[in-house]
Amino acid sequence: MLQRFRENKSMQGTFLALPTTLWLFVLLIIPLFLTLVVSFGQRSPDGDVIFSFGLHNYIRLFGYSTDCPGGQTSCFDPLYVNILWRSLTLAFNTTVCVILLAYPLAYFIARAHPKRRNMFLFMVLIPLWTNFVIRVYAWMMLLRKEGAINIVLGWFANLLGLDFTPLEMLYTPGAVLVGMVYEFLPFMILPIYTSLEKIDNSLYEAAADLGANAFKTLLRVTLPLSMPGVVAGTILVFIPVMGTFIVSDILGGRQVILVGNLIQRQFLDARDPTFGSAASLILMVMTLIVTYFYTRKFGFGEEIVAA
Amino acid sequence: MNPFKRSPLVIAATTLVYFFLYAPIVILVLYSFNASRANVKFEGFITSFSDRVQMDGSFVEASPCGPFHWYCDLSKNKDVIEAAGNTLTIAFTATIVATVIGTMAALALQRYDFKIKPFSQLSLYIPIVIPEIVMGIGILTLFSQSFGWLNQALNLTGDSRLALGIGTVTVSHIAFMVPFVTLVVQARLQGFDKSYEEAAMDLGANEWTTFWRITFPMILPGVLSGALLAFTLSLDDFVITFFTNGPGSTTLPIYVYGLLRRIITPQVNALSTVWIAIVFIAVLLLQWLQSRETKPSH
Chain Z
26 MLQRFRENKS MQGTFLALPT TLWLFVLLII PLFLTLVVSF GQRSPDGDVI
76 FSFGLHNYIR LFGYSTDCPG GQTSCFDPLY VNILWRSLTL AFNTTVCVIL
126 LAYPLAYFIA RAHPKRRNMF LFMVLIPLWT NFVIRVYAWM MLLRKEGAIN
176 IVLGWFANLL GLDFTPLEML YTPGAVLVGM VYEFLPFMIL PIYTSLEKID
226 NSLYEAAADL GANAFKTLLR VTLPLSMPGV VAGTILVFIP VMGTFIVSDI
276 LGGRQVILVG NLIQRQFLDA RDPTFGSAAS LILMVMTLIV TYFYTRKFGF
326 GEEIVAA
Chain Y
50 MNPFKRSPLV IAATTLVYFF LYAPIVILVL YSFNASRANV KFEGFITSFS
100 DRVQMDGSFV EASPCGPFHW YCDLSKNKDV IEAAGNTLTI AFTATIVATV
150 IGTMAALALQ RYDFKIKPFS QLSLYIPIVI PEIVMGIGIL TLFSQSFGWL
200 NQALNLTGDS RLALGIGTVT VSHIAFMVPF VTLVVQARLQ GFDKSYEEAA
250 MDLGANEWTT FWRITFPMIL PGVLSGALLA FTLSLDDFVI TFFTNGPGST
300 TLPIYVYGLL RRIITPQVNA LSTVWIAIVF IAVLLLQWLQ SRETKPSH
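In order, the protein sequence lines correspond to chains Z and Y.
Per my numbering: the first sequence = residues 26 to 332.
Per my numbering: the second sequence = residues 50 to 347.
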């Protein structure tokens with residue numbers, strides 16, 4: 026038996042991969058399948074799942090409502106469609122802002138003296154290592170009416186002799202956007218840096234020799250060669266932003282409800298796991314569709330691992 | 050052409066982004082010395098050893114800790130200490146398991162051919178392409194349904210009942226950490242020169258000896274960075290923990306989130322500052338270790 030195992034490479038491979046594969050199967054794949062099954066089910070009066078088959082949760086999610094004005098039996102209620110659309114646009118806006126902020130910084134680090142590169146990279150990572158929830162909370166202290174930004178703005182206004190009424194920034198869609206950009210910025214910087222760092226310096230020299238100015242070099246050499254990093258970063262930012270509920274919960278108050286908040290509330294407040302499961306399945310399908318079309322165009326960069 | 054030449058525009062943008070990254074951190078630390086009890090307003094630094102009447106007439110009593118009043122409060126907070134203990138227990142246990150089985154899987158995927166290989170490789174990408182909340186509620190559903198059935202089938206009651214707790218959190222953390230460990234170690238194995246192993250075998254070492262004397266030391270940096278990544282993922286995780294924790298398994302992120310819904314005192318800032326300081330020291334230590342490790346080869 027032991028002898029056979031020693032000689033059989035396939036058996037050894039299976040043995041080595043088995044714990045991980047089983048773990049992922051039980052805790053990631055079975056739960057996904059279970060979510061699918063539950064999403065067709067019905068909620069029992071005390072918040073349990075009655076396993077049955079029906080599309081009612083999906084129909085409700087896409088706007089079918091029986092709670093209508095004027096005695097109609099059914100009507101279109103855009104509530105959940107709006108939430109889905111809001112999440113999608115927010116994730117898109119966040120990704121664009123993050124790319125715009127991350128690119129110059131990643132470029133700076135990649136072109137820095139090799140001795141100092143690690144230090145600059147660690148400076149990006151340190152905020153990331155202070156806890157996610159704590160970082161969101163810090164933005165609360167910056168954005169609120171009596172917060173740091175308003176204090177500083179007040180000083181400036183005072184210096185210039187202007188009247189100043191504190192800005193209402195907390196609990197707005199803008200606050201949620203800022204929080205999301207802040208949370209996920211490092212996930213864009215790292216892969217872009219990785220792909221920029223790979224660019225051979227001789228390519229820049231060649232571009233300069235051929236008479237390209239700085240702008241043309243950026244457009245024709247740097248940007249195209251760093252695309253794998255941008256793609257990897259987009260995946261690492263877009264997907265979590267679509268599902269995050271803490272940022273909108275804390276910085277958006279009850280004003281900005283995203284799919285993440287919807288799912289969380291269905292599970293914990295409304296106690297309807299079947300509707301929550303349907304919403305999370307739609308969320309998953311939405312992210313998979315976007316990632317599929319995006320990566321089909323640009324390829325799935327190995328920069329994800331490098332980051 | 051100087052390869053390190055940079056345009057002032059890039060430098061300006063970089064400075065701004067670093068400022069953006071650090072502004073909240075600075076505010077956190079600053080507010081941990083706030084004299085105000087409510088932490089909504091900054092009312093100046095705590096002055097040591099004296100009572101202070103605040104603008105609204107309330108009192109901040111004299112603190113034996115001087116400006117470190119909130120840090121003293123924190124050290125007496127049993128909930129925080131328990132949560133910190135839970136966080137570390139979960140992170141350590143999960144990191145060890147994830148690193149061991151993740152490294153094994155990386156070796157298998159890189160070196161061997163076997164039937165379930167495509168499936169094993171594909172499953173590693175799930176945590177990257179699927180939002181965490183989807184996994185969180187999926188795992189919650191799995192636990193709540195299967196625990197319900199098992200408790201009934203095995204007639205478990207009272208304390209012996211299966212329930213959400215440190216165990217479920219740890220097991221779930223391992224699930225989302227393993228893929229990161231495996232992918233990092235796999236990347237390290239890809240650049241591996243097999244001739245070292247062949248040389249060892251030629252010199253009469255068996256497979257076991259070759260692995261421990263040659264292969265393992267060479268992939269160790271990859272294993273360690275995979276473990277470090279896993280550890281930080283576990284410390285930072287909110288979503289999966291949120292859905293899989295039960296009474297008695299509150300972690301620090303969950304505790305802080307709970308506080309945000311009630312009154313927040315600068316204790317939270319003191320907690321965050323301690324956290325940042327620990328991370329900062331750990332990073333410096335790691336840098337120092339790495340510089341020692343690479344020096345002889347120069």
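Simulated from the structure, these hints should not be mistaken for laboratory data.
All C-beta atoms in this analysis are idealised placements derived from N, C-alpha and C, irrespective of residue type, glycine included.
One or more of the hints may lead you astray.
Pulled from the structure, derived: some chain Y residues nowhere near chain Z, Cβ distances all over 10 Å [as the list claims (entries may be wrong)]:
1. PHE82
2. PRO228
3. SER244
4. THR264
Here are some of the chain Z residues that sit facing chain Y, going by a computed Cβ distance under 8 Å [to be verified]:
5. PHE157
6. LEU185
7. GLY186
8. LEU187
Each hint tested on the structure:
No beta-carbon of chain Z comes within 10 Å of the beta-carbon of PHE82(Y); the shortest separation is about 13 Å. With a least beta-carbon separation of about 7 Å from chain Z, PRO228(Y) fails to lie farther than 10 Å from that chain, contradicting its non-interface assignment. Distance to chain Z confirms SER244(Y) as a non-interface residue, since its nearest Cβ pair spans about 20 Å, more than 10 Å. In this structure THR264(Y) is separated from chain Z by more than 10 Å, as the shortest Cβ-Cβ distance comes to about 13 Å.
Proximity of PHE157(Z) to chain Y holds as hinted, the smallest CB-CB distance being about 5 Å (cut-off 8 Å). Checking LEU185(Z) against chain Y: minimum C-beta separation of about 22 Å lies over 8 Å; hint violated. Interface hint status for GLY186(Z): violated, as the beta-carbon distance to the closest one in chain Y is roughly 24 Å, over 8 Å. The beta carbon of LEU187(Z) comes no nearer than 22 Å to any beta carbon in chain Y, farther than 8 Å, and the hint placing it at the interface is violated.
Hints 2, 6, 7 and 8 from the list above are not met by this structure, while the remaining hints are.
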